[in-house]
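Novice: One-letter residues, chain by chain:
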Amino acid sequence: MATRSASPPTTTTKGARPQWTQTTGSVGHLHGRVGVVNVGISNTASSGYAESTLTAQASNSIGTDSGYTSGPGETLLYADGHMYYQQYESNGADRCPPWLFKTQVDHAAGDSFPGTIPPSANPYLGCHGFDPNGYATVSGNQGSFTSDRAQAYTEGAGFTFFALSLGATTGFTSDIHHDYENNTGGNEYVCGNAPMPDVPILYSGSV
Amino acid sequence: MPDRSTRRRYVAAAVAAGLTGLCDCGGAAQGPLTGLASGGLPVVDAGSLQLAPGQSADFTAFVVNKTHTPATLMSASVIPVGGGSGYPTGRLIHLAVSLNKSFPGAGSGWPPSGGIKVEPMREAKIGFGQTDIIFGITGKTLFRDYVVAGLRITYLFQGQSYSVTAWSVGVACVRPARLLRRASHPSCSAITGRIHSKVDHMAGLS
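Sequences listed follow chains A and B, in order. Note that my numbering numbers the first sequence so that position 40 is 40, with each residue one more than the last. Note that my numbering numbers the second sequence so that position 153 is 153, with each residue one more than the last.
Chain A with its partners taken away, still in its complex shape:
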């Protein structure tokens, strides 16, 4: 959030930010709605990720982490897990319209299990030097990179509650964690179908 000052050193002013009120259930209780979401990691065949050191998680930063670890030689890994969603309504703070709504993952049930519908593989064949949208490097020795997309789906007026695509048929889900941990000794790369890191679909590999 940007702030403004007349001249250095800067001073901080609080920016406009809508506040949100829940319209269904309450945080920490199993209200709202639940859906199965999936997360996946698409590897190249040569990726060190496929050496039984990779964990796929369906989780979010608010809730419970869970996941399972791939087996040796797996090159396409995915997991399903149950997520609880809540709907929120803006209270109109800071002059924002009070009738905007958002739907957000409230917490994960922590019951990730092997997925049943595999996401698609990396169409660019690799990240480093292949993906026109660029890539993120993840250093070896247990470097990790997370693009947290456990965020809101904004609905605006005339909303449809829970108008979310849960990724069951479209590949990787876009609104939960994609968490990559590199247990190899060299760089691994993470890329996606749009400029990183705000990417609906992520891929990874050793190239």
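Hints should not be assumed to be uniformly reliable.
[As the list claims (entries may be wrong)] Not the full set, but computed from the structure, chain B residues with beta-carbon under 8 angstroms of chain A:
(1) Val43
(2) Asp45
(3) Gly47
(4) Ser48
(5) Leu49
(6) Ser85
(7) Thr89
(8) Lys101
(9) Ser102
(10) Pro104
(11) Ala106
(12) Gly115
(13) Ile116
(14) Gln130
(15) Cys188
These aren't lab readings, by the way, just hints derived from the structure by calculation. Backbone N, C-alpha and C define an ideal beta-carbon position, used for all residues, glycine too.
Starting from the structure of chain A, add chain B where the hints point.
Specialist: Chain B only, in chain A's frame:
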């Protein structure tokens, strides 16, 4: 409460004005740079890395120029993780801007490896859209885990000085060099989830 048609008009006006970010609808005057956002809320990415004492752990923060007029980046400082995280704040030792849309999610050493092209951040002119600001932090004490919540970036735009917050969790776990390649060593990334949650809260996501 306005009726539905009135609501729609308000929303349409907001969209037409390019205010779909929801966070800028009528607040105090702000500069043209914002942190990366999705659906009107900040995107908070996170990286973690084990490193030897004094080595640079490289992460990336993201800003977006909403105008087609360049802004000039001037300086940056790390944002400590609030809320009594219990971890010391990493010391900022490097700053650069990516030139090829690629960046370290969690990299070691400086300049960044893996084909990432950079230029110094200071006085870099950034145009419309996303800019990846790469930063290196370090710590000197073995077995301590150093954390940051992101960068506070100062820039010039049309003669005015502004600053912008870019959330990006960085966790640098300082370990002896002999342990860095041991897969059985406890993972530094386990800390990252807890810090990430705290920074999500700082960013207004929870």
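Novice: If a hint holds in the structure, say so; if it doesn't, say that too.
Specialist: Here is what the structure says about each hint:
Annotation: Val43 (chain B) was flagged as interfacial toward chain A, and the flag holds, the nearest CB pair being 5 angstroms apart, inside 8 angstroms. For Asp45 (chain B), the interface hint holds, since its Cβ comes within 8 angstroms of a Cβ in chain A; the closest pair sits about 5 angstroms apart. The closest approach between the C-beta of Gly47 (chain B) and any C-beta of chain A is roughly 5 angstroms, which is under the 8 angstroms cut-off, so the hint is satisfied. Among the interface hints, the one on Ser48 (chain B) holds; its C-beta lies about 5 angstroms from the nearest C-beta in chain A, closer than the 8 angstroms criterion.
Evaluation of the Leu49 (chain B) hint against chain A yields a held restraint, the C-beta minimum of about 5 angstroms falling below 8 angstroms. This hint is violated: Ser85 (chain B) has a C-beta 14 angstroms from the nearest C-beta of chain A, more than the 8 angstroms allowed. Interface restraint check: Thr89 (chain B) against chain A, minimum CB-CB distance 18 angstroms, threshold 8 angstroms, status violated. With a least beta-carbon distance of about 3 angstroms to chain A, the hint placing Lys101 (chain B) at the interface is held under the 8 angstroms criterion.
Taken as an interface hint, Ser102 (chain B) checks out: its beta carbon lies about 4 angstroms from the nearest beta carbon of chain A, inside 8 angstroms. Here the hint on Pro104 (chain B) is kept, as its CB sits about 5 angstroms from the closest CB of chain A, short of 8 angstroms. At its closest, the beta carbon of Ala106 (chain B) sits 4 angstroms from a beta carbon of chain A; the interface hint therefore holds under the 8 angstroms criterion. At about 6 angstroms, the closest approach between the beta carbon of Gly115 (chain B) and any beta carbon in chain A falls short of 8 angstroms, and the interface hint on this residue holds.
Hint status for Ile116 (chain B) relative to chain A: holds, with the closest Cβ pair at about 7 angstroms, below 8 angstroms. The beta carbon of Gln130 (chain B) is positioned within 8 angstroms of a beta carbon in chain A (closest approach about 6 angstroms), and the interface hint is therefore held. Restraint check, Cys188 (chain B) versus chain A: the minimum CB separation of about 6 angstroms is within 8 angstroms; hint holds.
Going through the hint list in order, the structure does not satisfy hints 6 and 7.
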